[in-house]
Every structure is written in C-alpha cells, then in structure tokens.
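All chains, full assembly: derive it from the sequences and hints.
One-letter residues, chain by chain:
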Amino acid sequence: MTINFRDETFRDDFTFRNSPEAIKRFPFPFHEDSYMYSVNMEPHKSYRPGSVYERTFDVDEHYVSEMKDRAKVLAEDPLRCQSLPHMTLAGWDLLELIMVSKAEEYPDLFELHRDGNKWHWINKPLGIDQKFVFLDEATLPYGPMEYITRQTQGDFAVLDQRDDNLWMDAGMVTTQADWSLDFDIGMNFFEWHAPVPKAHEMGIFVRALKFLLNVRQGAPARRLNWTMTVNPLLDTSPENYHKWGVMKQDLTMENMGEKMHLRVELQTFFRLPRSNALVFPIRCYLIKLGELVTEPKWGRRLHRVLRDLPEELATYKGFISNRPKIVEWLSKYDDGKPTSPGIWPD
Amino acid sequence: MSAGTDKIAVTVTNVVPVNELVTRFRFARTDGGLMPTFSGGAHTVVEMKDGATMRLNPYSLMSDPADRTAYTISVRRDDQGRGGSLFMHRNVKPGLEMVISNPVNLFPLDLRAKKHLMIAGGIGITPFIAQIKQLAASNGNFELHYSVRTASLASYADELSTAHPTRVHIYHDDKKQVIDLENLLDGQPLGTHLYVCGPKGMIKWVRGTAEGLGWPREAVHDEEFLAPPSGKPFEVKLAVSNKVIQVGEHQSLLEAIEAAGVDAPYLCRGGACGQCETDVIGYDGKFLHNDHWLTEEQHASGKKIMPCVSRFEGKTLVLDR
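If you're matching them up, the sequences are chains V and E in order. Counting from 1, one number per residue, gives the positions in the first sequence under my numbering. Counting from 1, one number per residue, gives the positions in the second sequence under my numbering.
No lab work stands behind these hints, which were simulated from the structure alone. From the three backbone atoms N, C-alpha and C, an ideal C-beta is built for every residue, glycine too. Be aware that one or more of the hints could be misleading.
[To be verified] Here's a subset of chain V near chain E, in silico, CB distances under 10 Å, partners left out:
1) Leu84
2) Leu89
3) Ala90
4) Glu96
5) Gln161
6) Arg162
7) Asp164
8) Leu213
9) Asn214
10) Gly218
11) Ala219
12) Thr268
13) Leu272
14) Ala277
15) Val293
16) Glu295
[Unchecked claim] With a straight-line Cα cutoff of 20 Å, these simulated DMTMM-like cross-link-like pairs (lysine to aspartate or glutamate) come out:
17) E:Lys204 / V:Asp163
18) E:Lys114 / V:Asp163
19) V:Lys210 / E:Asp279
20) V:Lys210 / E:Asp320
[As the list claims (entries may be wrong)] Have a look at the derived ranges for each label pair, beta carbon to beta carbon:
21) E:Pro199 / V:Glu191: 29 to 39 Å
22) E:Val240 / V:Tyr47: 22 to 32 Å
23) E:Gly212 / V:Glu312: 43 to 53 Å
The structure is reproduced here in structure tokens:
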C-alpha cells in the first residue's frame, strides 16, 4: 500500500483538498436522511478494507501536512497540550498503543523494535528515528503523550477514571470543533459536556458515561460526530475564534462548493492497560461540499439532514446563519429520489 | 457473554498450594503469545466447565502487571460456597485449557495519591500484591497493613515482609494483634489515599472510621466481590426473549439466564460494577437484593435487579431481558 502524502495547508491559502480516492473513503456520518443525537457506539473492530475503519489509527494522504499544522499551533500556543502530573503513566500507555498498532498495521511506514525497555521507533513519513527507554521521560524530547501525538493525526483527550466519573486530565487538542482543552482541563464528564443542548434532557450523557466507564481492555469502541466548517481549518478553537469566526461571513453561493466543508470526527475509545485511564482520540476528516456531491447519495442526504435539523443543533454546531444558503446550494443536488440505507456511497 | 468482551484462551502452567486454604494458579496463553499488560487491582473472570454447569468467578490478578508471560491468581477454598473455589482446588491441574477474560480494574490505584495506604484482610491481600509490584517498580509510596488469622494462614505475608520490611505490617488474630486504625489514619500525610480489601465487616469498619475522622469519600477505596448467595429456587419470565426459566438453589439468576442461552451483559459478577443491571417489568413477591450497586430507593422501587447476586421469592417475576 502506498500513500501519496499531500503537501497542503489548513490556513492562509488553504490548499487542502481530497483526492478522488480520499473522497471514496470519507466517513460520511448520516445513515439515514435525518439526524438526532444518539449514543451511537459500536465496537472499534477492523472493518471494510480501505475504509477509515480498517486500522486502529487511520493514516491518510493528509498525515504529513496535518502534523506540520499541529506543530505550528503548538508553537503559537503551548497550552493546547497539557498533562496533569498523575497522567504521565497514561501517556506511556498511549505511546505504546499507537507505536505498536502503527508498526503492525503500516509496516512500510513505521517500525518499532523492542528489547525490554530499550525501544527504537522509526517514523518514515516524518523522517524520525528515535531510540529511547520506555517509561523514562528523560530519554524523549517531549513527555510521552506529546511525543506520540505530535506524530498522530487527530486530537487526544486522556481521561482519568475515578469516583465513577471520567476526568479530562490530559490531552493534545489542536484540531477541535470549538472547544478548549485549557478551559476543560481537570473537568469531569458532565462538566465538560455542559454546553451541549438537548442531550442532557434526553439522558444521553448518563448512558454514555456508563458505557465509557465499562470500556474494557481489548474491546475499544467508536462513534462519529460532525459539524460544518467554512474553509478547511483544522484549528477551529475558541482561542482563535477571532481569526476564523469572521470567515463564516465570506460564504457565497458561488464559493460554497469550495469553502464549505463537512467536518466529521471519528471518535474512538480505548482502555489503557497500566493507568486504567481511557483515551479518547478524536480524528477530524474534512470534505468540501463540492467534493461531497460527487457521490450523488451523499448530496441528496446531506441536503435533507441540514434542511430538517432542529434549530438548537444548527446553532450549537455554529452554522445557523449560513444554513439557508447551504441548504439552497445543496438542493440542486437533491432530485428527490430515495437514498439507500447506510453511510457508504452507492 | 458480556458486550465487547475479548476472552483469552489459556493453559494452566502451575498449581501451588500456598497453605491449607489457599492455592495459587498460573495461566499462560495457549497460543504462546503474551498476556495484556494490566493495572494493579484488576481482576479476571475465570470460566469453569463443571460438568453441565458453567461457572464464572472473578479473581484478582496478583502477578506483576508488567510481566506479560503469565497471570497468577490465588483462590481460597470455600467449603460452604457454591462450588467455584472447590472446582478450582479439585479439578484444575497443570495442562488444563481454560478461558479467562481480559483484565478489568474496579479497584485501581488513584495515581494522584501522595501515599497509598492499604488495609488487607485474609485473601483480600491479592489485589494489593499486584499494586505493590506496580508501585515498587516506579518508586511509589505505599504502606500495607495486613490482618491474618494465624501465621500458617498468612498467604504471602513472608514474601511481602521480606521484600518491603519497612512498608509491610502483619497482624495475627490468634495473637490478639489488631490494626490500630484510628491512630494509623490520624498520622497520615495530606494526599494519602486509603484502600481496603477484605471481609465485609472490615470494609465497613475502615470506611466508617475514615468517615468519622473526616477523610474525603474520594480518598477511600474498597473492593469486595460478593459470591452469589444460594437460596430457594424461583421462576422468572424473560419478556424480550420470551422464555420462562428456573433459577436453582445454588445458581445465580445471571447464571440461569445464561444457561437458557440468553445474552446478558456482565463485568464483575459480584454486585459491584453495575453492568448487569436489569429492568423489572412486573412482580408479585419479595426481592432479595444483595448488590452494592443500586441505591436503597432503587432496591425499594421494585423496578431494578442485579441478577449476578440478587434473588427473588414469590409467585411471578418478569424481567426486561
């Protein structure tokens, strides 16, 4: 398997785009023509070769450029990566999980050689060759969580489990849908979800927490979440809202296909072995509406979902003011024909 | 079977009598691979094919969490029990192939603690052995107070005392040695977390004393696996699967549901984790709640039952399963 890593940007001139192959494997999140919250969890098992579900940590054509973007975000704002002192062991757990999975699943891109605690990690796409001692922080240039998540696509929330709750006690968050690690650090599951409308009344979070507390070693889980983003911005953080919030006003019927993106998060959950912590990787996939409608089923369905979405959800997801324009643009791609069940293209 | 459970096929590689009541078992993967790393305090659920009966009992892992060659557990023989421990003692020999669950930790160390203060009674020592190995490897600060009936029944007391002479304190019941709990708790530095594993009375005593001295609830941790109690047989209707099942005298409700071929979730099988919580659709009779998951109000409501340890006496019971 060869991946042609694209040289592209997620800021300034926004050269990001998806190849035709990347469009085909995009994780379209709507299995029917409408959307409401649910605890839509399923086992994170390898599924559908070539899809984003095939491997534990998906690596795609955007990998190298996404890692460059992360380094820029961190250089400007180091607080995007934080780990409370008791979470270092969980960081080593995460480093092991990622290195072992990537070396096994992408042997042509990553290698891990282990001799007891003497480890040798080779990351070919990023040109990294690192010898270090497992569990000895002094032998890495960063803490273990920061070291490995500077080399892995997606945000990472590392959650301590105690008192029948989960606590946001560590994370690497640079590609987020408008939430802040620096604000949420140390909060519990109910506290950091407090801004979400409707779901509390529906009892979603009580059920979701119960499920997550029981995620077992060797049995990871996953779900999809989504929002809409103007321009292919990975970093839509509250910290930088003054930079990207105004971009929402630049949207026109003419530039809709190029500027408007469906943003999908593949969220996975793994129990970590030594720390008993839970790691919550949140992997962001972006697709231009112009790319999305090349799959007729997706064009039809996205039009219906956005048209019928409850107002609070469109407000919370941050696209209420642009919704009429988006729906009007998408309506050209909805001929009213029925859509097939499931998320995959026809 | 529990949702998302990944099980491990193992072979018994060693069976060692520790004293007249306790025997230690070592499990290695049958396929020769490595065991998953685990965290100190975790348990595994061991599946026992006892004739026509399938028994599933949780046992704390006591091996070094970093040692991936094998897991070890210690089982105390309970002659009055339902038969799981007797099966382990009588039927499990080296070479036997068995199935165990991936590790699950319901008694983890709180890694924020400045000091870990451990109180063990009897076979309750086993999770602490793994936690101490984990802490010793990372220069963790711990102190163990271990109460035993007699020196001859003091499982692993000598090994622990030899390895950590200043951190381990043994108390013998037959010599009238008792943990001076109030003084012990009074002298602890700020940031100490307290852990207790042992008989019900001991857990109650330690929790009550700590609470009386003003210890924060979040700094006190316990683990008690309840064995499912025996009782009068009873009949249950499973509404979703449309089956009527009989729960035997020495069988738990969960075991009877499983024996009928109905898939029911579980983790600890000891009334602690909440995973098997089941809705009651209708009943005429009396619940015998034995779990420590549901609240008193839920016990009184007649709307919930934990089938791993709780029973029923009466005419009809209909469950949403």
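Here is how each hint holds up against the structure:
Given hint, Leu84 of chain V at the interface with chain E, holds; its Cβ is 8 Å from that chain's nearest Cβ, closer than 10 Å. Given the 10 Å rule on beta carbons, the hint for Leu89 of chain V holds: about 6 Å separates it from the nearest Cβ of chain E. Because the closest C-beta pair between Ala90 of chain V and chain E is about 8 Å apart, less than 10 Å, the hint holds. Annotation: Glu96 of chain V was flagged as interfacial toward chain E, and the flag holds, the nearest CB pair being 8 Å apart, inside 10 Å.
The beta carbon of Gln161 of chain V comes within 7 Å of a beta carbon in chain E, closer than 10 Å, and the hint placing it at the interface holds. A least Cβ separation of about 6 Å between Arg162 of chain V and chain E falls short of the 10 Å threshold, and the interface hint therefore holds. The beta carbon of Asp164 of chain V is positioned within 10 Å of a beta carbon in chain E (closest approach about 9 Å), and the interface hint is therefore held. Annotation: interface hint on Leu213 of chain V holds; nearest CB of chain E at approximately 8 Å, less than 10 Å.
At its closest, the beta carbon of Asn214 of chain V sits 6 Å from a beta carbon of chain E; the interface hint therefore holds under the 10 Å criterion. The closest approach between the C-beta of Gly218 of chain V and any C-beta of chain E is roughly 4 Å, which is under the 10 Å cut-off, so the hint is satisfied. With its C-beta approaching chain E no nearer than about 4 Å, Ala219 of chain V sits inside the 10 Å limit, and its interface hint holds. The beta carbon of Thr268 of chain V comes no nearer than 13 Å to any beta carbon in chain E, farther than 10 Å, and the hint placing it at the interface is violated.
With its C-beta approaching chain E no nearer than about 8 Å, Leu272 of chain V sits inside the 10 Å limit, and its interface hint holds. Against a cut-off of 10 Å between C-beta atoms, the interface hint on Ala277 of chain V holds, since the closest Cβ of chain E lies about 9 Å away. Among the interface hints, the one on Val293 of chain V is violated; its C-beta lies about 36 Å from the nearest C-beta in chain E, farther than the 10 Å criterion. Interface hint status for Glu295 of chain V: violated, as the beta-carbon distance to the closest one in chain E is roughly 31 Å, over 10 Å.
Between Lys204 of chain E and Asp163 of chain V, the direct Cα distance comes to roughly 18 Å. Compliance with the 20 Å bound is thereby established for this hinted pair. The straight-line distance between the Cα atoms of Lys114 of chain E and Asp163 of chain V is roughly 17 Å, inside the 20 Å bound, and the hint therefore holds. Proposed proximity of Lys210 of chain V and Asp279 of chain E is supported: the alpha carbons are some 16 Å apart, at most 20 Å. Taking the CA atoms of Lys210 of chain V and Asp320 of chain E, the gap is about 19 Å. The hint holds against a cut of 20 Å.
Remark: the range hint 29 to 39 Å for Pro199 of chain E to Glu191 of chain V is upheld by a beta-carbon distance near 37 Å. Between Val240 of chain E and Tyr47 of chain V the CB atoms are about 27 Å apart, so this pair conforms to the stated range of 22 to 32 Å. Checked against the given bound of 43 to 53 Å, the beta carbons of Gly212 of chain E and Glu312 of chain V, roughly 48 Å apart, stay inside it.
Of the numbered hints stated above, those contradicted by the structure are hints 12, 15 and 16, listed in ascending order.
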